[in-house]
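Protein sequence lines, in the order shown, are assigned to chains A and B. Add 7 to a position in the first sequence, counting from 1, and you land on the number used in our numbering. Take the second sequence: its position 5, counted from the start at 1, is -3 in our numbering, and no numbers get skipped.
If you are wondering where the hints come from, they were derived from the structure by calculation, not from laboratory data. Glycine residues also receive a C-beta, built at the ideal position from the N, C-alpha and C atoms. Please note that a few of the clues may not be correct.
[Unchecked claim] Taking beta-carbon pairs under 7 Å as the criterion, some of the chain B residues facing chain A (in silico):
(1) 91
(2) 214
(3) 225
(4) 227
(5) 436
(6) 440
(7) 485
[Unchecked claim] Pair by pair, the computed Cβ-Cβ distance ranges are:
(8) 729/A - 100/B: 27 to 33 Å
(9) 44/B - 727/A: 43 to 49 Å
(10) 147/B - 727/A: 21 to 27 Å
[Said to hold, decoys possible] Short derived list, chain A residues pointing at chain B, Cβ under 10 Å:
(11) 127
(12) 431
(13) 672
(14) 676
(15) 677
(16) 726
(17) 729
(18) 746
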Amino acid sequence: MGVSMTTIMDAILSAAVAQHGGEAAHAAVAASHGVTGPLWIGLIPLLPLLGVVLVTLLACFNEKSKMPAWISVGLLAVSFLLTLFAYLGWNGHDAIHLKLWDWIGLSWGDLRGQTLAAGFAFYFDGLSLLWMLFVTGLACLIGLYASEYMEHDAGLGYCRFFAAFNLFVFSMSCLVMGDNLLMLFLGWEGVGLCSYLLIGYFYKKKSAVDAGMKAFVVNRIGDLGLLMGMLLTFTTFGTLQYDALFNQIHTGLTAGGTPLSQTWQVWAIPLLLMGGAFGKSAQLFFYVWLPDAMEGPTPVSALIHAATMVTAGVYLVARMMPLYLADPAHIALTAVTWGGAITAFWSATIAVAQFDIKRIMGYSTISQLGYMFAGLGVLATTGGVFHVFTHAFFKATLFLSCGAVMHGFAGQLDMRKLSGLWSINGFRVVVIAMLIGCLNLSGFPFTGGYFSKDMIIAEAFVTPDSVIAGSSWAGWLLLLTAGMTAYYTFRVFFRVFVGPVVYEPGEDLHAHDDHEHADAHGHGHGHDDAHDHAAEHFHPHGPKWAINLVLTLLSVGCILSAGLYFLGDHHGWAGGMVHASSAVVDTHAVEGGEEALLFGQPPHEIMFYISAVFGFGGILLAAWFHGPKGIAGLLIGGRTTAAEVRMDPIAKALRPISTWAVRKWYVDEFYHLVLVTPLKIFAHLFHWFDKLIVDGLVNFFGATPRVSSDAIGESTQTGVLHDYALRMVAGIAVVLVVVVLVLF
Amino acid sequence: MTDKLALVWPEIWLFVTTCVVMVVGLSPDLRVRKLCGWISALGLVVAIGAAVPVAHAGGLFPSITPYAKGMIGVVGLMLLPLLAGTVDRDLDAAIESGKATFSALRSNRAEFYAFFLFSLTGLMLTASADDLIWLFLALELTSLPTYIMVTISTRGTRSQEAGVKYFFLGALGAAIFLYGFALIYGATGTTDLAEIAAAFRAQSEAGGLNTIGVAGLAVALIGLCFKIAAVPMHMYAADVYQGAASGVSAMLAFVPKTAGFLAIIMLCGAVGWTHGATHDSLPAPIYILLWVIAAATMFTGNLLAIRQSSVKRILAYSSVAHSGYMLVGVIAGPGSGHGTFWDNGIAAVLFYLLTYGVTNVGTFAVLASIQKPNGEEADDIADIRGLHGTRPHLAGAMLLCVLSLLGMPPLLGFFGKVGLFTSAISAGEIPLVIVLGLNSAIAAFYYLRIARAAYLEPADEHVETRAGPIPQRVFAAVLSASAVVLLLTVAQMLMERSVTASGYHAPHAGMADTPHEALDLTRADD
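Isolated chain A (complex conformation) (with noise of 0.2 Å):
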């Protein structure tokens, strides 16, 4: 609502001039083209909006039972099956439009660019299709993982966290079915919210309050940058709907009739978008909160934290390609393409340092949002897309896998001290769909996650130097980075799910039945002796037959996303839903038919095996360093126990590295330094001369009514019936007389 707010202000200023609005904007959305989707459309984001209501009236009868699980997991199943038939009914290659009702429609004048007005409107293409089928997918395959992961909260809790789960299904669809931006800000602020919630879903417990906060905070930060976006695309373009938005970006001028290529705001916009893409997807200096986001559940983690919401800056810049390419220079490609690609590495770094295993996945997602950043970056639109739609997959795999372990050990998250889990009873499913997921996520030879990841990397070798600059080192770092996730991927996998049997219960063992149960996680600090006592009578529980079931689906999920490689005429299915939208890029055009060569080949084609090389690398370190003896660890590892291994005193002398690795490099603390600390001597500073000097005026103010507040006072209020009527009587004339003075 808050770009709203501004253009309002506007309309208030120059209302004198207002007139006809609605014309300009129907007039500028007429020259849009495609086709008008049925009616159900509406209910895929509706029905999710539907689960809200229908939970919290659950929350208000105080239900006990599963039921708020059922009635999210059943209608999002209908939200999937209803965006499978919009696909299924799609033509191919024209957007679907629905309008469902004018949303907002300011007016100061009837030229172009004096009429703000958006629709509560759809648009579906490739683009926004291909997110839809994973996130509605994928959000149905959760929630029925959720009614088993957080039985032992049911009753308010419960159902708190299903409203906050569907609120954020219909608030992405939104922002990815939206078909302007402002629906898409709607969507935007409105999944910000729900990560809010739901990363404080434990709300007693401080460290989660504290991860809710900052990634509101840090989101708002990336969010002013999308609005001045905003503002800016409407201030130039005249609008925010995407087909008017690209027509006019596609005519090379700006509403007013300047050349793009001489305006400033051909480069500042898509900066200023790549900032609130950077926040939401957690890149560069963003990346802080995605982390600690860790502290919600685990589905959270997996649908919101992973697969789906941290997307939405991908989508963003994918969706505003056209403007991205509209700078001759690519600045800002060039842009996201280090930010993508050095956050990549990075995140990396980190992750191969810490042992707390959900924190990994976590720092690997962001890592792999990387890779996603910079394929948009070099052009490659596809890979980047197929990499989203890859790692939704394989990612909500790995998370959930983790969400099991944690839930059949009390919450311990820590490798140090869980080993074997393939021999433990009840866990065997865990443990293959963590190995598919951790293979596909290494970029094994042959799976989604290898084909996807591929296609990135070559085309930032095939992109010339010239068109993106440095694109070549941005590549080799890329592979570099390839090779590390490998590592640190089959390190957790080496490490917990295989070898000797080892485990020690997490801190929820205590509380059982109590609120905090299934999130309390270890962060390799706090397990005392306290604990042993009740550790001796500690059996794990493998998980039951929802969650089993989500992850073999999901691991099947993983599996055939590769075959979607081979699908269509366009690199793939996802090149096809890509080559279908706004997304597309005309490569050959942007690079004037040039192609980088690698090695003296062409890239995309030796790309397969050397990133089988690094791929393959990387596993073999991690099963030298962390593999148990014997066939689980390739018969070259050598861990016999599940905290000593074989990186322990390469890790002792490298110790300063070492240590700031695991301490994160210090970033929070140096954000802490720098950004905090100023701002809270600043607001001590605000907060004396607010004292001093505003409060003194406001009170000087607001003590001028309460005197004449009390010089009427309420001896006119007397309560008796025949002075009112006097007085009402009294009045009239009085009023009357004044008339007559003021006319004669």
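Position chain B against the provided structure of chain A, taking the given hints into account.
Using the frame of chain A, we list chain B on its own:
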């Protein structure tokens, strides 16, 4: 006659529902009697359904009925859960605990719902009015049931006192505007509003309005000030709102006020915003009259509200102030008539009525949901101190509602107020806009005081409150607060509807000679 019948289907449905409620309320079976509320709700839903299809009627404001009746029905539906149990709660509780037995002779439950529906019927009839006599009867049908509802709403003597005050002062107000109507009839020779408009038009083209006619308009408008609780007829408001049960107070803040504004808009429409130097304002005497009343009402309402310690009295005086705000829209008039919300004062008033009605329910519902140990509803500001700690959802509802009443962006009330501001600016009423802005700032004082008491102040130790026995009231509070937020998504559509509803069919002098043909012409426009 039959053409008018087509307009009043919603009223007919409501009337039929009222009759059914009265009969059902006499049933010897308590469980059947308890259906009264549900039947009323059903009747309102049907009435809303019947109101929407009416696209175009005759008269000065040919399209006002679907919007007005839809709004009346929706706010009525929101008031219904708030009013539920007002008169029968104690008896039901006593019967359940075995302290009393059900007596078939006691039947004020049905009467209460029936009076509510009668009042809404009157309100809808006001919207349909095209004749002074119809208008008068509709206004009285709106008000008469409320006198009784105030009186029987609690068992205390204060509500009886409030009812008596309200009745006598209401009769005085009715007498005054009826006198004004008579003068208008005397000056124009007709009671049909369209014909009156044509007569006024002819007079002004012939050299000036008839003095008797202007005096009649002025007296009628002052009389109608009673309905909207504007200065100088605002005296009763605080005492009556405080004396009545919260639900009934909420109803008083919406139903008579809406009736009053519909009537004021029609009377102003009859003389037309076609006078003054630039032919775009009301005739000078009426303009000055409304200007003085609007400014005085805003200041009086807001300044008196500051000193109150009773939340109900605060809300009563704020209701007075809101009438002042809306009068600004009436003064601004329908603007150029080119169809945007932002320069159309009448559309702004119609939209504001909706936002005020929707929001107002929530504030009173919160009070009604809290009970003091002696069984009375919360009233004093001490009763809601620390509400956030004990009943966060009620505190949240209160916060959203008072912020919306204050006009805090981006809540619904803000959009209502923006319309009043922009229409007054485009009508060139800068001094009045400054008064409006000043008063919005003063209003922040007492609205934020309520919010502060609920959120920031600790509960008084010696003040004991508990949850009221009627969950429907909490529902009404939460419903109203959610509407304040959720209606934003369709605010644009509602604004457009209000613009359509304010479509003003300016009179022309030719109508005076052959009024019936002229009326036919307007219908041919359809």
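A quick look at each hint next to the structure:
no.: 1; hint: 91; verdict: violated (28 Å)
no.: 2; hint: 214; verdict: holds (5 Å)
no.: 3; hint: 225; verdict: holds (5 Å)
no.: 4; hint: 227; verdict: holds (4 Å)
no.: 5; hint: 436; verdict: violated (10 Å)
no.: 6; hint: 440; verdict: violated (11 Å)
no.: 7; hint: 485; verdict: holds (5 Å)
no.: 8; hint: 729/A - 100/B: 27 to 33 Å; verdict: holds (30 Å)
no.: 9; hint: 44/B - 727/A: 43 to 49 Å; verdict: holds (47 Å)
no.: 10; hint: 147/B - 727/A: 21 to 27 Å; verdict: holds (23 Å)
no.: 11; hint: 127; verdict: holds (7 Å)
no.: 12; hint: 431; verdict: violated (43 Å)
no.: 13; hint: 672; verdict: violated (40 Å)
no.: 14; hint: 676; verdict: violated (34 Å)
no.: 15; hint: 677; verdict: violated (36 Å)
no.: 16; hint: 726; verdict: holds (6 Å)
no.: 17; hint: 729; verdict: holds (9 Å)
no.: 18; hint: 746; verdict: holds (5 Å)
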